[in-house]
Structures are given as C-alpha cells and as structure tokens.
Amino acid sequence: MATSTTDTTLDPHEPPIATGDGELYGILAEYDTPGELIEAARKVRDAGYSEFDCFSPFPVHGIDEAMGIKRTILPLIVFGGGFTGLVGGVFLQWWMNAYNWPWNISGKPSWSIPANVPIAFEATILFSVFAAFFGMWILNKLPQVWHPFFRSDRFARVTDDAFVLGIESRDRRFDAVATRKLLQDAGAIAVEDVYLEGDPARKTMPKWIVAFIVASTAFTLIPFAIAAKARNSHSNQPHVHLFPDMDFQPKFKSDTAMDLFADGRANRGDVPGTVARGQLKGDDEFYRGLAGGDGGGWITGFPKQLEISDATMKRGQNRYNIYCSACHGYDGRGNGVVPQRVAASGGAWQARNLVEAGGPTVLMPNGQLYNTISNGYNTMMGYAAQIPHADRWAIVLYVRALQRSQNASREDIPPDQQGSIR
Amino acid sequence: MSALQKTLHPDEKIKAGKLGSSLSKIGVGIAVIFLGLSIILTLMGSPSGGHESKWARFFHAYVIGWSYIFSISVGMLWIVMLHHLVRGRWVTAVRRVCEAMAGAFPVIFIAGLGFVLPLVFGYKDLYYWAHPDAHNHELNHHLLHKLGWLSPNFFFVRYVIYGAAFSFLAWYFQKKSRQQDESGDPKISETLRIASAPAMILYSIVTCMAAFDILMSMAPKWYSTIYGVNFWGSACVGAFAALALILLGIQRTGRLTHSVNAEHFHDIGKWMFAFTFFWAYTAFSQFMLQWYGNMPEETHWYKYRMFGEWQWVSIAMIVGFWAFPFVFLLSRWTKRIMPSLVFFAVWQLVFHWLDLYWNVMPSYQWQVAFHDGARIVAGPLSGNTAFHHVAFSPVDVTVWLGLIGVFLIGLGRNLVGNLIPVKDPTLPLSLAHEVQ
Amino acid sequence: MSAATTEGHHEEAGKAREAFRTVTRDVSWVAEAPKPHKAWLAALGIALIMLGIGAVSIYVLVTTGIGVWGNSNTVGWAWDITNFVWWIGIGHAGTLISAVLYLTRQTWRVSINRAAEAMTIFAVMCALLFPLLHTGRPWFAWWMFPHPNDMGMWPQFRSPLMWDVFAVSTYATTSILFWYMGLVPDLATFRDRFAAKGDKLRAIIYGVLSLGWRGSARNWHRYERAYLILAGLATPLVFSVHSVVSFDFATSQLPGWHTTIFPPYFVAGAIFSGFAMVLTLMLPLRHLFNLKHIITESHIEAMCKIILATGMMVGLAYGTEFFIAWYSGNLFEKFAFINRAFGPFWWAYFAMIGCNVLIPQAFWLKSIRRSPVIIFILCIFVNIGMWFERFVIIATSLARSFLPSSWSYYTPTRWDVGLFVGTLGLFFTLFLLFFRYVPVIAMSEVKGAMPEAHAGGAHGPTPTVTAGGTK
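Top to bottom, those sequences are chains A, B and C. In terms of our numbering, the numbers along the first sequence are unbroken and rise by one, the last being 422. In terms of our numbering, the numbers along the second sequence are unbroken and rise by one, the last being 436. In terms of our numbering, the numbers along the third sequence are unbroken and rise by one, the last being 471.
Rather than coming from a laboratory, the hints here were simulated on the basis of the structure. Keep in mind that the hints are not guaranteed to be accurate.
As the list claims (entries may be wrong) - With a straight-line cut-off of 30 angstroms between C-alpha atoms, the simulated BS3-like cross-links for lysine-lysine are:
(1) B:K6 / A:K70
(2) A:K141 / C:K366
(3) B:K423 / C:K366
(4) B:K13 / B:K423
(5) A:K304 / A:K281
(6) C:K15 / A:K181
(7) B:K270 / B:K176
(8) B:K25 / B:K187
(9) B:K6 / A:K43
(10) C:K197 / C:K15
(11) A:K70 / B:K270
(12) B:K176 / C:K200
(13) C:K15 / B:K6
(14) A:K43 / C:K15
(15) C:K197 / A:K207
(16) C:K334 / C:K38
(17) A:K108 / C:K197
(18) B:K175 / B:K187
(19) A:K229 / A:K141
(20) B:K270 / C:K305
(21) C:K200 / B:K187
(22) C:K200 / A:K207
(23) B:K423 / B:K175
(24) B:K187 / C:K305
(25) B:K15 / B:K146
(26) B:K25 / B:K13
(27) C:K197 / B:K146
(28) B:K176 / C:K38
(29) B:K423 / B:K176
(30) C:K200 / B:K175
(31) B:K175 / C:K366
(32) C:K366 / B:K187
(33) B:K423 / C:K305
(34) B:K187 / A:K108
(35) B:K303 / C:K334
(36) A:K141 / C:K197
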C-alpha cells in the first residue's frame, strides 16, 4: 500500500506513510506550532475553502476566528432542554401529588410550591445536562468511529503533539496540486495525501461487528420483551420469589401438622384439667342460651346479664347491621346484598326470612336464636369468633324488635302517633 | 483562556484629576437636597404605624438607605480582598475603583451615626428592643435574655467596632495599593495577598454580625442563622451593579476608556449574575426551611411577608430580583452590550434596595395595647395580617437618595491620583483579559 | 509565517512539541506499563479485603435486617446517614475543581480535575449504598422513582428524602457525563497510542469509548462550549445537592437540625472534606507514579489553602449556630447545643472541633503547605473531623430530643463498622482501577494550559505567568 502514498514530507526524518489505495480523500498538512496552524487556517479560509478542518491535541485559542467557525447553537439547545426539564419537573409534581393522587402530608397543601422547588430545579439541571452532552455529540456528529484521516500515522499524533490541517477533496476549490502548494506555502513541515480504501470489500463493516451489534441489541430487548409479556398476560402461578420479602416465615399456622409434638398437631390446647381466667363460662343461660340445670331446653327469655334498654337495642341494631344485614337484609326479609348479587349473577338463593309471620325464626326460642348466631345453621357460619356474647344477645333482642315491627298492626303504634299514619 | 499581556494604552487618561472633588460636590448636593426634603416631609407628616414619634418612618427609611450604601461598600471590599487572595487577574484594571468604593466606609460610618446616636440618646421608636416596653415580662419573656446584647449602649459599641474594622480594612488595602503606584514594588502584592486571608476572616464575622444587629434585630424575636450570608449575597449584587455604573460613568468623562472594555464588564455582569443566583439560593433556603418547619417563633416573620399587602412586594422580589434578571443575564450579550448591562445594573440596584426595604419595613408597624389605661407597645405587629400595610411613604425614597449622595461623597474623596494600579504586576494580564 | 522557517524557530517548536509529548508519555505510562506497580498491587489487595468485609456486612444486613446495626428507636439515623453525608460531601470537591475552578479560571485545576471527578463518582456510589440499604428492602428502591404502578401511588414530592433521590441521582448522572466528556480526547490519545503499539484489543476498546474523537477544531469549538455549559450547570448543582442533603435535617423541627445556615454550611463542609480526600489520594499516587512535575507543589499548596478557607467557613457556621441558639431564646435549641458540647457525646464534638477548626490552622504556615507527609496526615484528620461533624449533628440531636424518657446513647455494632470499611474498600478499589486503566490526568487540558500552547503565530510574546501561578 505504501506505493500509493504521495508523501511530500519536508522533514527527511519522517517516514513515508501508507494511506489506502482508493481515490483521493483529502490532503493533510502538519504545522510546527499552534500559532502557525492558526495562520495556515486563516490562509486556507481566505483562499475560499470551506471543507477543511484543523486538528490539534487541545483546543487552540484563536483558531475559531481564523477558520471562521460560527458560534455554536449549543446554548440554545441547552436552554430548550433546561426549559423542558423545568416545565416537566413542575408538571410531574403537580400532576402526581396535587391532581392524580392528592395526599395530605403534615398539613401542607397538596400543591406546595416551596416544597416542589428542589425537584423542579434538579429536573432543569438534569435535562440541561443531557441537552449539553448529547447536543454536543449530535452537532459534532459523534460517535463516528471511523474516518479516512485515521489511515495516516501522522494523523494519529494529533492526539499527542501534532498540529494538522486537513482539506477534503470534495471542496469545490480543491485541486490536488494547488491545494498542496497552498498548504506548503503556509509553512507546513509535512504534507500528505490521504486515499480512500480501494478494495470495495473492505469498505463495508466487518461481519463480526454487525453480528455483535445485532446480538447486543437483541439482548437489550429481552427485559423489555419480558415486561411487555407480563403486562399482557395472566398467570395462575405464584410469582417468582426473587427476594423472600417475609413471604416465607419460620412459623406454623393453626391446625397444621407438626412433628415436634406427640399428637402431630401445631395447635397446643389447654393443659388438661385447667381453665383459663375468665374462660369457665359456667352460666349456661348467658353463654349457651340453655336453661340451667339438667337437660333444660332453650330459654325463651333473656339472661339476667342483659339489660333490656334503649342502649342495648341500639347496640343490637348496630351489630345486626354490620354482621347480619349482608345476607338477611336491613329489614330481616332475607334480601341483603349477598342474595342480590347471587340473583344478579343468575343464581337463585335467598337467605332465611327472619321476620316472616309464623315463620321458623319467629317461633324459635331466644336461646336457640342465640345459639344459631353462635354456631351457625345450615349454610350460615357461626359468628362466635366475631361477636362477643353480650352483643349476640343484643342482636337477639333487636331481631325480636325487627320481627315485631315488620309484622306490626295499627294497634302497635303508640296512640298519640296513630294519627300520623294514613 | 488567554494568558497574554497588554500594556497600558499610551492615550489612556488614568488620572482622576478633578473627578473626585466634583463627584463629592454632586454628592453633597444630592444629600442636602434629599435629606433636607426628607426632614421637611417628616416634619409635615404625623406619627404612623403605632409609633409616638413622627420621626419613626424617617429613621426606618434611614436604616434601609444606610444599609444600602453600607452593603455596596461591603461587596466591594470583598472583591478587593478576594482578588488578592486568589491572585485574580481581570479585576486589576478596575480594582482602584473598587478600592475607592470600599474606601467610602469612614463617611458611611459617620452617616450611620444618624440613626445610632439617637438610639444612644434614648430614641425608642426605631428598634423595639430599645423601647422601654421591651422589658415587659409578660409580653416579651423570650426577649428579655438578650436585651443586654441588644441594648443601645452595647449596640453603639459594636457599631463602632464594625465601622472601625471595615474602615481599617478598606483604608489598608487602598493605601498599600497606592504605595505600589509609587514604588512599583511587586512585594506589596504579596503583602496584600497574605494580609487578605486574616482580613477575610475578620470581614466575614463582622459582616454577619452587622447584618444580625442592624437588620435582623428589627424583628427582635425572630432569628435565622443564614441571615448574614443572605444579606451579603444581596450586598454583592448591589455592589457589582454599582461598580458597572460607576465605571461607565468614569468612562463618560474620558477616563479609563481603553483599559476597561467589554471583557471586564462581561465579568462584572457575570458576578452580578452569580450573586443574583446566590442571593436567591440563600433567600430560598431561609424561607423554605422556616416555612417547612412551621414553628411559630420563626414563621411569624414570614407570615407578614407572605400574606396581606406585603405578599405583593414578596412576589415582586422573586420576579424582579431573581427570575427576570436571571433569565436575561444568562445570555452572553446582555452583559456585553452596554445599554443592556446598564439597564440590568440599575434594575438590580433598585431591587437590592427593595430587598432591604422588604427586610426592614414589615417590622415598622407596631402593635399597641392598652392595659389598665396605660399604653403598652408590644413590638412589630402580630395578629391579623389584614391590618398589616405596606404604607409606602415618599420619605422612604428621599432618604435613600439622600444617602446615595452621602455614598458619592465618600467615593469622591477616594477618586484621586491614579484610577488604575499602574504598577501592579498583574495589570498587563488584566488589560489583555478576554472572556471565553 | 512562510515556508521559510528559520532554524531557531524550528528548534523552539520542536521543544514545545517535546513538552507536549512529555505530558502524554508521563500520563500514559501508568496505563501502559505492562506490569502494575507493586505498591499499586498491595493497595488493591488491601482495598479488596476491605471490600470483602463490606460484602459480608451487606449480606448479613440484607438477610437479617436493619436490627444488626446499632440504630434504635431513639437514634433511628446513625452511622448509615453519617456515612452517606460524609461520602456525598467528599464527592463535592471533584465537581468544585472541575466546574467552579474552571469558571473562575483557576488553571491549576487541570492537573487534578480528572482524578477528583473520578473520586466524585466513586464517592457518590459509596454514598448511595447507605440510604439504599437503610430502606431495608433495597430491591424496592425503584419505587422511589415515579412510574405507573398497580398500586396507583406516586412518590411524595414534598418529602426532603424524595428531593435527595432526585438531587443525588442528578448529581451522579451529571458527574459521570462531565467526567466522560472530559475523558473523550484523552481516550483518543490512548486509542492512538495502543494502536501504534499494536495492542489491538485495547485500541478497539479505547477507540469505541473515545467516540472517534479527531481533535477537530470544529469539534473542539462545540466541545469547549459544552464543557463551559456543563461547568455552569454543575456549579449550581453542586450547591443544590448538599443543600438538599442538609434539608433532610433542617426541614425537621429537631433542635440542632432545624437551622437556616445548614445549606451553605453543609456545602462548605463538603468542599472542605472533599479537598482533604483529594489530597489523601493524590499525595501518595503522585509520589508513586512520578507525577510531581504535573501535580506540582503549588497545586498542592492551593488545595491546602482551600482547605484552610473552607475550614474557617465551617468554623464560622459552628459559631453562628451557637450564637443564634442563645440569641433565639429557644430553650430546646439552647439545650441541644450545650448537650452537643458537654453531653454524653462531648468526645465526638471536640474531635470535630479539633480536626475541623484547629488542625487546619497549621496550613497558615508555608512550610507545612510544602511538606507532603504532614499534609497527608492533616488531611486524614480533616476527613475524620468531617465524619464526626455529621455524626455529632445526627447522633447528639436524636439521642437527646424532646422526650427525656426516650433518651439513649448510641453504640455502633460490628456491622456498622464493617459496612463503612466496605465502602472505603469499594472506593479505593474503584479509584485504583481508574488509576491504572483510565488517563489519570486531563492531558488535553494540561497541554492547553501550558505556555507552549500559545507559541508561534502573531499572538505576541510567550507569557511569563504559567499555570499554577507565579512562584
């Protein structure tokens, strides 16, 4: 390849340089000092060239003016970036904290401008920085990993100590002889032609680089593909426990098997022959709704612990509305939200009508009603775990009142209010 | 960056000549006219803002106006010392003017006696801590412990210390610099560089304490540790703005026309811009932390600036002292084209005054209570902000302008001899200064 | 200038070029040396051991829980936040050197800015580990960034901790981009040098990283603008970052934390500790790798002066806080400060005052500013002092806050210490790797600041004042 080089090195110590064997790309000229480079650049510009550039290990002060480089528009790009960041930062905080999800934090207004300043500021800076950094890349056409001038060994010294001026052959004033002379007359210590690659096969990018780019692009897409799939599909499988997050704890839940004890159960019952404080529950009437003594049936009255009062009635109503009305309805007719939803979904199921005149519930003794609440009936589950004993009795009281009110006759209304009924 | 050098232009007029004395005369004229006008206006007026004395407004305005000229000298003294400390280059060409502005201190100090001496002689309608009712235990139980510190006599002693310290520093740096004009001894630069380090320490402490004493104690129950830094930031904005105007004024007389060029003004503009940002930074820090912490002993100060009539002044401050100049001074050209720089310098000088006004005047209106028929003054207003008024008075402006006249007297006294440190070894670099 | 150059001129130009080549060679040999320096290997070994300790501490922490630390209900923030603030602070010197000193035209910065910027990035990485681990479930850290999610929740932007997330991540991003941008021309130098040596692999790696940089004047023009703009952006950023860190404390109502001087005071302290760390790193490396003619004594002296100046600022802030604590008349505030100095943590307080205010006073003496060994020792003290400053602020205020019945004392556990040692290991490991594989000194900037950079042409005489100031 060395044969194709036209080397007009003035310094005899500089070796000739191989620069490809295709057509002429441009001419490089090396100068002694930054100052001479500036002078040469001025001459080249004055001669009317525009497709030329100077190359130096550091920014040479004064060369912009000599080459006629216009001030870059980069500051405007950065201003645009910063403005976008500012508006974006303010909008982000307003939309998220004041509009989409307003949330009271220490009594501060959800749209708290003083508290939003720091992030708006940081967003401004971040976007400005991106604009400056990538704006510089784009304006400089970087990254540009290959350039014909790289063929020259002399050019490689630009990043060390060389001051080089290069004119490209596509300049309309370019003339191999005249241009070379111009550069020499400007004081070049060496002038050198740079040729493009002649072999067309070598002009294309090597296959392994193409393969690498394709493979790495595909590889970076994998996480996005997984995320996209996850967002658009359903799975019945438990999620992957990449981190345990206390999902698995060294403990035994109740009513599970455990080898440690002889009975193989995780539950530990009371020690035989003992009763915990307050757990004796010896009063059958109150705790079980049974008449005391041997084999007595359901009680029909109320246990003595229950105070029949307006307050108890209110309490009973409150508890009934919480625990019972979902199925039996607020009026006790068995048409709560659960049966309604069953009906809405095309099924047919009715909860027991508690207030039906002559119905089983009306006829049921108080003790049995209490027992039903405690232990359940048919599909109804027992509520002993949720409702304390006294509250169960309050519910019984309220249900009795409900039954009466739902089957009331005119006589049941107090005489002074009968007039208001039409 | 160019490290090239230039020599003084042969046609350059560097002698002050009669500039100083005529400036002083102008200053005397301005001071007499406007301070006289202020006195007449005050005598014609009547007491306001819960004060018994009709002079209260005058003295409040006086504190603002005095702090204003004081702050400009404070800022200039800083740039002179910093220049020596870091072996600055570009400042050299304009340093003598900076020194002269800082050198106005003795005159400013004497002018300040105009509000300090009345305190010593028992004037009670300026600082609440000087009012006898400040000692009322029921009203002011958390003020009592510092009334020894904030007492007229001790205040006077500190005022003298601050004045002496600043005057000495300004005098010393100017004197040595002028000595170098005579002898050309490069060792003087070295001496000043070494001296500037301890001077900076003294300067920082005195600036902070002066701001605490003279401005922060206007609302004696309020406190903020950043207050001195915030005052200093505002002072430097005003100082660089004033420097630009004064240099342009000197150039109008045909002096320094070659030595000081757009490059120097560009750097002055940059510093003005930087301190605009710094002021905003400290002001925001102070506000945001007290607003966020929301402790009554701190937020009462901001309550009277965030609500009621004063909120409009606060908004004007944010827009006028920060946002508007900030956006425009970002650009290179607003600092290099003189009419634009003049516009922003004047603008920032006005807003620097408004900053001091905003710091002081909301404390003007005092709360007066009657207890068993006796009149008790409870200090700066507390309670409903709807009763809190800006109550702008022409005296506010006339006193300010009068004190600017006083500053010009102080400046004029120093504009003698060379207007440039002709034998400073860094002068050639400063003359060749180019902004990137 | 015509082609008829005189012999004398040519000789002078040759000398100038030789000077540029010397810079390239002296910086590059660290990376080009076929075998690493023995001291470098030893240091790397120690750093890796420390890093290992850190890895174990993190493993124990993550698998067990925050309870392995000495934190308690009373002192809920302790070593973790102390170390976070300490590391962030150290990072600040890098940005200060690369941005603020650039804007104020302090040319001496060029010899150390690259290393200082690298230090910034590594310090920020160390710093980020602490809040991340203190969350208890670091794998949910991404919840801190606003993203649409199933829970329909957004981050809470009124929280100073959220500001921290944004400030520190912006700072890390900016520092990396700034550093990388400065590196591009020097990576191009490495590319060309390794290509000339025939080391194809490294030539390709450095070639890709240098983006095909050619040193073109048109590129330099935009590059310099971008650099200036980045410096202009990094300056307010560096102020904002430590200010936001200080907001974490100062927005609360805790006595000793809630004070308005915190933002500038934290910034000054950050620069103070950062410069101390720069010197701690650069003094031995400069000695080992023969960089004394590039990182000169006057550069080191300038850094000592900055340490002295910022130390005084920090001292002034300590004084102001004490004065205002009395002046305010706020009893809690007053107690907090008396407790700080004379309470159970008095030893930490006086360690702080001693290391931060008293010890740097030695830098008034020129003889001390010129003796690397003493500077090295003093800088380590400054680093210790600045660590104690954060510890004093955090621990004393929390240990004795409003409710005396919950007062307690704080004692670290071995895992607190282990993690801290681990971050030191991480920091030194990264820094040593950087020193070996990346251009440690900004060659292009050093060359641009040399007097020879202005030689020749019609630009007047060679100036007498060189980078680093007159002697």
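How the hints compare with the structure:
no. : hint            : in the structure
1   : B:K6 / A:K70    : 27 angstroms, holds
2   : A:K141 / C:K366 : 49 angstroms, violated
3   : B:K423 / C:K366 : 27 angstroms, holds
4   : B:K13 / B:K423  : 15 angstroms, holds
5   : A:K304 / A:K281 : 15 angstroms, holds
6   : C:K15 / A:K181  : 27 angstroms, holds
7   : B:K270 / B:K176 : 28 angstroms, holds
8   : B:K25 / B:K187  : 37 angstroms, violated
9   : B:K6 / A:K43    : 26 angstroms, holds
10  : C:K197 / C:K15  : 24 angstroms, holds
11  : A:K70 / B:K270  : 23 angstroms, holds
12  : B:K176 / C:K200 : 62 angstroms, violated
13  : C:K15 / B:K6    : 26 angstroms, holds
14  : A:K43 / C:K15   : 25 angstroms, holds
15  : C:K197 / A:K207 : 25 angstroms, holds
16  : C:K334 / C:K38  : 54 angstroms, violated
17  : A:K108 / C:K197 : 65 angstroms, violated
18  : B:K175 / B:K187 : 14 angstroms, holds
19  : A:K229 / A:K141 : 36 angstroms, violated
20  : B:K270 / C:K305 : 25 angstroms, holds
21  : C:K200 / B:K187 : 56 angstroms, violated
22  : C:K200 / A:K207 : 17 angstroms, holds
23  : B:K423 / B:K175 : 14 angstroms, holds
24  : B:K187 / C:K305 : 20 angstroms, holds
25  : B:K15 / B:K146  : 51 angstroms, violated
26  : B:K25 / B:K13   : 22 angstroms, holds
27  : C:K197 / B:K146 : 75 angstroms, violated
28  : B:K176 / C:K38  : 54 angstroms, violated
29  : B:K423 / B:K176 : 12 angstroms, holds
30  : C:K200 / B:K175 : 65 angstroms, violated
31  : B:K175 / C:K366 : 26 angstroms, holds
32  : C:K366 / B:K187 : 17 angstroms, holds
33  : B:K423 / C:K305 : 27 angstroms, holds
34  : B:K187 / A:K108 : 60 angstroms, violated
35  : B:K303 / C:K334 : 25 angstroms, holds
36  : A:K141 / C:K197 : 28 angstroms, holds
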